[in-house]
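Visitor: Starting from the known structure of chain B, arrange chain F on it as the hints suggest.
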Amino acid sequence: MRVAKLNILPWAKLNGCHDDVLLYPRPTSRSDNIRPFIRSPNYILHYQSINKMLKSTFAPIFSAFPAKHRTRQPSSTAVFRVFAHTPESVQQNASANSHTSILPPYLFHPTSAYVHLPFCRKRCHYCDFPIVALGSSSTQIDDDPRIVNYMQLLSREINATRPGTTTNPPLETVFFGGGTPSLVPPSLVSSILETLRLKFGLCLDAEISMEMDPGTFDAKKMKELMDLGVNRVSLGVQAFQEELLKACGRAHGLKEVYEAIETVKSCGVENWSMDLISSLPHQTPEMWEESLRLTIEQQPQHVSVYDLQVEQGTKFGVLYTPGEFPLPSETQSADFYKMASRTLSDAGYNHYEISSYCKSGFECKHNFTYWKNEPFYAFGLGSASYVGGLRFTRPKKMREYMGYVENLENGSVGCNENIHIDGKDMAMDVVMLSLRTARGLDLRSFAEAYGDSLVHSLCESYRPYVESGHVVCLNEQRRALAADEFNSVLFKEDKDQAKMAYIWLSDPDGFLLSNEMISLAFRVISP
Amino acid sequence: MGYLSRAQKALKSSNFLYFSQTSSKFSWLSALLGSNPLYGSPNCRHFGLSQPFCSHSRQNSKENVIDLNQYPPELIRNFSIIAHVDHGKSTLADRLLELTGTIKKGHGQPQYLDKLQVERERGITVKAQTATMFHKHNFHGADKNDTHEQPSFLLNLIDTPGHVDFSYEVSRSLAACQGALLVVDAAQGVQAQTVANFYLAFESNLTIIPVINKIDQPTADPDRVKAQLKLMFDLDPKDALLTSAKTGQGLEQVLPSVIERIPPPPGNSSSPLRMLLLDSYYDEYKGVICHVAVVDGVLRKGDKISSAATGQTYEILDVGIMHPELTSTGILLTGQVGYVVSGMRSTKEARVGDTLHHNRSVVEPLPGFKPAKHMVFSGLYPADGSDFEALNHAIERLTCNDASVSVAKESSTALGLGFRCGFLGLLHMDVFHQRLEQEHGAHVISTIPTVPYIYEYSDGSKVQVQNPAALPSNPKKRVTACWEPTVLATIIIPSEYVGPVITLCSERRGQQLEYSFIDSQRVFMKYRLPLREIVVDFYNELKSMTSGYASFDYEDSEYQQSDMVKLDILLNGQPVDAMATIVHNLKAQRVGRELVEKLKKFIDRQMFEITIQAAIGSKIIARETISAMRKNVLAKCYGGDVTRKKKLLEKQKEGKKRMKRVGSVDIPQEAFHELLKVS
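Here the protein sequences line up with chains B and F, keeping their order.
Count the first sequence with this note's numbering and you get residues 127 to 653, in order.
Count the second sequence with this note's numbering and you get residues 71 to 749, in order.
It should be emphasised that the hints constitute simulated quantities derived from the structure, not laboratory data.
It is possible that part of the hints are untrue.
Here are the computed lysine-lysine pairs in the DSS-like style, where the Cα-Cα straight-line distance is at most 27 Å [unchecked claim]:
hint, chain 1, residue 1, chain 2, residue 2
1, B, 523, F, 717
2, B, 522, F, 418
3, F, 721, B, 523
A quick note: this is a predicted structure, and the numbers were derived from the prediction, not measured.
Next up, chain B with everything else stripped away, as it sits in the complex (with noise of 0.2 Å):
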């Protein structure tokens, strides 16, 4: 009943970057018992004044239906989380009025890996990530020595990486993508997530996502899949015309598809994402209504809806013009976005991103690490990682990587030495990654981190965009300011700058203009 509540108030967008904190226990598991490590004491107060403002705002539903709510000790985990000392803690001064040892989000330590698979049968028309086409041809996928020798080069990587303190928190998300992961066999799978808990740990409960694709597994795989842990599949679906699979050049058609998602949902996989792309050529309106129909239809947790971006060197990128026919227009293009939004939304998902639904507690807990701008490590060809306030993103081709992870394991890459952190850098990024999420961002702790006068300009630039309803301000209890109230916030008519606590872009007309409202905020922080 509180989760229903919820998505009727703005700030049931909380439980996107909260939801572990307010929906779910934690296990006790070994995890927690070496978890030595204090997030920032910002975080405590934060997570106290959200129970606190959660009690005082649902006290009266709570009595309501005492019995039926689903929260189950909400700040529990939080408290758990933040004072479960250990000796080995470095961090014993840090305490929740303490400001000495407040640590930003960039220098927690990892706990999320993204690992890239980058094989695949072909390359799509639209595709511009590091892959490896295997070709159809090869149908002994299991031995085939340039997958086999990728993932010990993999592994040496793995084991090559240095983690940041012996403390080392194990990890909480891992995520295969690709490529097409659903391609590696599963005990190559298994071989590099036993690595990764040996070097890090691995918590018991972690999500572990897999991208999969119709036509490169059946139930069998599934089952040895989830066997090994994985627990979220992200099925690249992209469409449900054959005509757009083909044109597009994707490696399966439809029949494929229904296969896939009747395989996931028979294998009983709790957490899966229907991946699909808008703004394909030749795609229509309605074929766009009738494959958000279909991915309704079929129930899946969550939906992420990328918007096709024609990217040089890549066949559309020779064949197509953004915005030019058979490409839709930018017109059309942005209904479709607004289409989305809007079926998903009446289908109960909430948008918690740019381009991800799900329905409530389903969010990609993996994704949130970039969106919070926390660090999180990365491995494999092309991949990208952001390990001690250092954003490090690996070589693209196998032979430079293959040198990479050499002097990996000699010594001569990869200490984190001398890193110089520019705070506008940090601040661009904090601005780029919040507003893509539907929590926005946090006003306040942005003014701590950067200035009281970054956040003033900020809104300033951002009036007109609140007028026209782009952007939205909202106070601490999340509720929106009218335009008029935050012009007089801005200009201190009203002295309760208290009232101007995020910022956010609405859905869809903010979302989908997030690149001006983005930059324009990048003018402000770096001029």
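Guide: Just chain F, lined up with the frame of chain B:
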């Protein structure tokens, strides 16, 4: 010690080893000088090096014996080369410099006298340059068997710009000359600038030596050119020299003809000093350097001189000739052309055309030149608003060497602080832009060039308008009349292009004054054209419709009354001052439509709808809308590749930064550039 060891290395690599044996004391110095082009040989003298140490240098051996006293006016010839663009003027100058040993053959850069990057790139001469040469020649009539040494002549070559915009420079240079080589391409024949330059020289009473150049070309037809010269300028075909500056053919006749045909400079060496200030430029090390022609009397280092125009007195710190680099001589005599360094602080003190004389002597000032007349005005703004100071500095430095540009500060709501600059013509404006960018690294946005109009109001007051934005869109007083400047244009084209060219000229409101054939294939036309109509894109269009065969030149003419109106451009109802222009009433509709369409093409969709309007007063004559941007989002699975996402957004930010903002509309710089192309 460091010097020494480096010098020793230099010694080994060069051929001066024997120096160290003969004079170890100086050897390292001479070796350094010899190996470092920065130390021009003139400086050797300052180091007190005697000749043998520098004997490797052709120049040193000569310079140390340059005694200008040996060159009375009878042995001096001052001449210039005038030609249509590309007829080989600069190459001919190079050859003459080589022939006289002033520059070494194959050394130095081609087009020696074109020193500016813009000159080399465009193959044009912008700044007049001077070089002194020495040439031994037996004056005709002398006994061929005479064993006496041939007399050496001092020849001053004054290189001039060919383009009409720089006729101000040309007339300046011609004032110091007694003769001119009129260079004509043997294949192309007489062209528009040949005509203009001929008349400039002719009016200055110069002896004209026709040189038909490029006779090595397969299409060369010297006889046809001779006939044209006879027909158009009444030049005797027998007088024409046939040359190829490229192969060297016929070049040997050039200097003898100069010496024999061109009279020596007049002037009286016993009169008090009078010299004409030809040009000036600023040198970082020496300060202001003035090019001067000594008309009467003698100038020596250490003399005190005064300016007739300003009354200021200066001491001559250095005096010499350009041979071809500054070469100190300590003296300049009657009829000679050289440079002086006088401790002037800024080129503004050096008024070109001024007469300089010894202080305390009273002289009759020489006739000056007509002051530069600014025909084209345009606003120059820093591309990035914060660069105003940098632009200011760049313009200041550039005007030090190009005093012919007028500069006044102005401000625009769209572009911020900037300058309104007056130019002699279009090419001049272009060249100024290019020099600003190339030599001073300035990035500028310029506004639509405009010409000076005169408006008369009902109360009888008259206003000169150099900036359309300054003209009120809805004046309180009624405009009773408007005048615009015109030019007399000379167009020479192959006869098959007559039709389209006439159409072009009448579209541009031209009035035909003359139409004749200069030979069986070429037509000569004279038009009166409103200057405004040729300011934008006339020459390019003429060139392209005639496959490049048209030649075009113009000279200022009087103002004519016309019905000129101010055309405003409005973005979301707000006029953009920097885009306002003045057009003829009958063309307003078309120009307005064109401008609005151009803008629509170059202004990107933005968060809100944009209306673009062209208006005369309160009457809207053209309108377009740019609908609001519908979508600009990265909804793609980039995984954790935040860097890539960010790069895209940063690129977008940078794009925005380069734009100019009017109200809520971001205007890309290209939009301003594109507007320049609408006639």
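Visitor: So if I understand the rule, the pair passes when the alpha-carbon distance is 27 Å or less; does residue 522(B) with residue 418(F) pass?
Guide: violated, 60 Å
Visitor: Next pair to validate is residue 523(B) with residue 717(F); report whether the Cα-Cα distance is within 27 Å.
Guide: holds, 21 Å
Visitor: Does residue 523(B) lie within 27 Å of residue 721(F) when you go C-alpha to C-alpha?
Guide: Since the Cα atoms of residue 721(F) and residue 523(B) sit roughly 25 Å apart, the hinted pair holds (cutoff 27 Å).
The structure shown violates just one earlier hint, number 2.
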